[in-house]
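Sequences and hints are given; from them, build the entire structure.
Top line first, the protein sequences correspond to chains A and B. The first sequence begins at -4 in the numbering used here and counts up one residue at a time. The second sequence begins at 462 in the numbering used here and counts up one residue at a time.
Keep in mind that the hints were calculated from the coordinates and are not lab data. Glycine included, each C-beta is placed from N, C-alpha and C at the ideal position. Be careful, since some hints might not be right.
One-sided excerpt, in silico: chain B residues whose CB lies under 10 Å from chain A [stated by the list, open to error]:
hint	residue
1	G515
2	P536
3	Y548
4	Q549
5	L553
6	M557
7	A565
8	M575
9	L576
10	A577
11	A585
12	L612
13	G631
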Amino acid sequence: MMQKLLDLWAAYESTLAFAAVNAFFALSTYAVMATGILSFATVAFAAVGGFLGAQLMGQFGLPLWLVLPASAAGGCVASLVVSFVFLRLESHWLALASLALILITRILVLNAPMLTGGVNGLSVPIEAPLWLLLGLLAVVALAFWRLSVSWYGIAARAVREDPAVAGSLGIAPRRVQRMAFAVSGALGGLGGVLLAMTLQFLSPETYYINISFTMIAAVVLGGSYHWMGAIVGALVFTALPQIMQALVPQVQDLARGVALLLIMILLPRGLVDPRAWRIRRALREARR
Amino acid sequence: MNGTPMLALSGVGKSFGGVQAVSDLSFGIERGAVAGLMGPNGAGKTTVINLITGLLAADAGRIVLDGHDLAGLAPQDIASRGIGRTYQNVRLFSGMTSLEQVVAGGFLRRGTSMLASFFGTPSARAAMRRTREEAMALLDRVGMADRAHSLAEALSYGEQRRIEIARALGARPKLLLLDEPTAGMNAAESQVIGRLLHELRDAGLTILMVEHNIRLVSDFCDHVAVMSFGRKLTEGSPAACLAHPEVQEAYFGRKRASSSESESHAVRSRPHG
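Written out as structure tokens, the structure is:
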């Protein structure tokens, strides 16, 4: 047991790196969910950012401080193009279309070897140091905190709860959702290049359904009503399989599914739930 | 009643798959009046509010606010021209406190850009403080200041209705549309709402309320239009409208048409429901 815990400690650095990358994806998904949209399109934005960044590093030898904003910008442009079509769709059709987009992305990646390396994949020359991942995550978290307390955050909450009522208050639901897609795309692109730099190798399977499962589970698990939920969810959902593998490897595969089910049943609004805090605070004040 | 009305509907029609919900409807709302729109269930009253606020597009006719045709405008554009509304079935934002609801209502008057409020510039922070103070004042006005930090879900139905009015007032509209503001309230609560509407009118607001409560309409409306099956039966003073034989028939049925007025006042809501 002791040895297992020591192994776990040794592996913590890579676990933390993947948790940080997953947090970018989860926050990207949260960004649109915070305006009432369930979309898996983050995976496609990540592919754009990842392959763009890998090529800028590999082919053109651009430095990191140019690659990172370029990847974020690439994801952002992709998201604006996608949102132009997606925002015409009803909610469940939008979710389905975003899944289709993941399938299409993989086909495009396979058939554009000049850009993506095709079936052979692409190696990534620069590795992302952990401090960079955590530092960027801290900056993004700060931005989400500012967004949540800004007029954008107020408008987003109104649109999520009731777009028609938001409209009657002068809030344009589509405009708010388009801004959300832009944020989601930039974060997805950034997460995509950071994943590329963490794996140091990209294949057509890198940006595929498995990421969408992880990120949506992280948001549901962590709580989709607060940006902190996405970060907490990504950390728990990335660390849980590692911990289970070290302690009880027999049930490792089951652990994530069981954890997800338990949280959905017991804490349907996720681990981080601002409404529950408020109700508790109101009860405390009432008792006083 | 002089001058051009603030809001004028002329020949407005709307049908849903062959069912004519509103047909050839014309009426005006005078500036500074509390106007009432009455009619039995299914008469098309809520449809009229949805047409005015741009939630639905009219098939025929014109809706003109202060000389500007509202045709083709999105709901948020109509809101920014000064029309606020509440809903028949209260639609507050879940998970928000009363204060937050009313602050959200102040979106159009935020007085700062989204970018400035993202960076929290001093002027954006001052503007946000002002919005919150105004929201508190509005909560006080509807008598809900002590519940400012309660979640909408924790409030009674009547309280939720008052929060919804405060939220609509957050945008400082010039015309407020109320869809059955006293549904589910007792007589005393309804009178409180009626007096609030008079206070708001005296402060310069123009109000249209859709209402079943005949007592409220006759006590508090300056002018009434009555609808039945999508058409306007009559309009005029509350007393004249209620005395109109077709209104008597639409509301109380043929047999009740001759019943005494005190009895008709006792019939409060949804006579056909």
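Hints and how they fare:
1. A least Cβ separation of about 8 Å between G515(B) and chain A falls short of the 10 Å threshold, and the interface hint therefore holds.
2. Residue-level restraint check for P536(B) holds (minimum Cβ-Cβ distance to chain A is 4 Å; threshold 10 Å).
3. At about 7 Å, the closest approach between the beta carbon of Y548(B) and any beta carbon in chain A falls short of 10 Å, and the interface hint on this residue holds.
4. Here the hint on Q549(B) is broken, as its CB sits about 13 Å from the closest CB of chain A, past 10 Å.
5. A distance limit of 10 Å between C-beta atoms decides the matter here; for L553(B) the minimum to chain A is near 8 Å, and the interface restraint holds.
6. Interface restraint check: M557(B) against chain A, minimum CB-CB distance 7 Å, threshold 10 Å, status holds.
7. Using the Cβ-Cβ criterion of 10 Å, the hint placing A565(B) at the interface with chain A is satisfied: the shortest such distance is roughly 5 Å.
8. With its C-beta approaching chain A no nearer than about 5 Å, M575(B) sits inside the 10 Å limit, and its interface hint holds.
9. For L576(B), the shortest C-beta to C-beta distance to chain A is roughly 9 Å, which falls under 10 Å, so the interface hint holds.
10. For A577(B), the shortest C-beta to C-beta distance to chain A is roughly 9 Å, which falls under 10 Å, so the interface hint holds.
11. With its C-beta approaching chain A no nearer than about 8 Å, A585(B) sits inside the 10 Å limit, and its interface hint holds.
12. Look at L612(B): its Cβ gets to within about 6 Å of chain A, closer than 10 Å, so that hint holds up.
13. Using the Cβ-Cβ criterion of 10 Å, the hint placing G631(B) at the interface with chain A is satisfied: the shortest such distance is roughly 7 Å.
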